[in-house]
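K.L.:
Sequence:
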Amino acid sequence: MSIVLGFTGAYADNNKGQVAYSQGLYDIALKEFTAAAAEDDRNAQFNLGIMYENGHGVKQSDVKAGEWFQKAADNGHPEAPMALMLLYEYF
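Counting in numbering that gives the first Met the number 0, the sequence shown tops out at residue 90, every number present.
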């Protein structure tokens, strides 16, 4: 039962982060994505990569973007390998 609750918490944090991000509330999005990413939420890890790639609410960093995209890819995020490829193509 605690596994389900733990997953639900990460999923909820990522969803809150997506809502905040879409509203331009990057500080809240960063907090929510970071909490979910710490629980290996691949979507939150990918979203952190996007934030760092674009410098939304954080200092722009291709290195940190790549680290988050790699974590997301390692956890099976379907778009993360392409994001990594594009990032390193223009790095």
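Rather than coming from a laboratory, the hints here were simulated on the basis of the structure.
Note that the structure is predicted; figures quoted are calculated from it, not measured.
Here a beta-carbon is modelled for each residue, glycine too, at the ideal position from N, C-alpha and C.
Hints are not guaranteed to be accurate.
To be verified - Quick list of simulated restraints, FRET-style, between CB atoms: (1) 22 with 73: 17 to 23 angstroms; (2) 27 with 80: 26 to 32 angstroms; (3) 17 with 58: 17 to 23 angstroms; (4) 14 with 84: 23 to 29 angstroms; (5) 87 with 22: 27 to 33 angstroms; (6) 88 with 18: 20 to 26 angstroms; (7) 14 with 53: 25 to 31 angstroms; (8) 59 with 17: 26 to 32 angstroms; (9) 22 with 59: 29 to 35 angstroms; (10) 39 with 60: 29 to 35 angstroms; (11) 87 with 27: 16 to 22 angstroms; (12) 27 with 63: 16 to 22 angstroms; (13) 88 with 10: 18 to 24 angstroms; (14) 11 with 88: 32 to 38 angstroms.
K.L.:
Next step is simple, just say for each hint if it's right about the structure.
P.N.:
The hints, checked one at a time:
1. Take residue 22 and residue 73: their Cβ atoms lie about 30 angstroms apart, and the range 17 to 23 angstroms is violated.
2. For residue 27 paired with residue 80, a C-beta distance near 28 angstroms keeps the hint of 26 to 32 angstroms intact.
3. Taking 17 to 23 angstroms as the suggested C-beta distance range, the pair residue 17 and residue 58 conforms, at roughly 22 angstroms.
4. Taken as a hint, the range 23 to 29 angstroms holds for the pair residue 14 and residue 84, whose Cβ atoms sit roughly 27 angstroms apart.
5. About 31 angstroms separates the C-beta atoms of residue 87 and residue 22, a value consistent with the hinted range of 27 to 33 angstroms.
6. Between residue 88 and residue 18 the CB atoms are about 31 angstroms apart, so this pair departs from the stated range of 20 to 26 angstroms.
7. Distance hint check: the CB atoms of residue 14 and residue 53 are about 20 angstroms apart, inconsistent with the given range 25 to 31 angstroms.
8. In this structure the hint that residue 59 and residue 17 lie 26 to 32 angstroms apart at CB is violated, the actual value being about 20 angstroms.
9. At roughly 20 angstroms, the beta carbons of residue 22 and residue 59 sit outside the given window of 29 to 35 angstroms.
10. With their beta carbons about 21 angstroms apart, residue 39 and residue 60 fall outside the hinted range of 29 to 35 angstroms.
11. Roughly 30 angstroms separates the CB atoms of residue 87 and residue 27, a value that falls outside the hinted 16 to 22 angstroms.
12. Look at residue 27 against residue 63: about 19 angstroms separates their beta carbons, and that is inside 16 to 22 angstroms.
13. The hint said 18 to 24 angstroms for the Cβ distance between residue 88 and residue 10, and at roughly 32 angstroms that hint is violated.
14. About 34 angstroms separates the C-beta atoms of residue 11 and residue 88, a value consistent with the hinted range of 32 to 38 angstroms.
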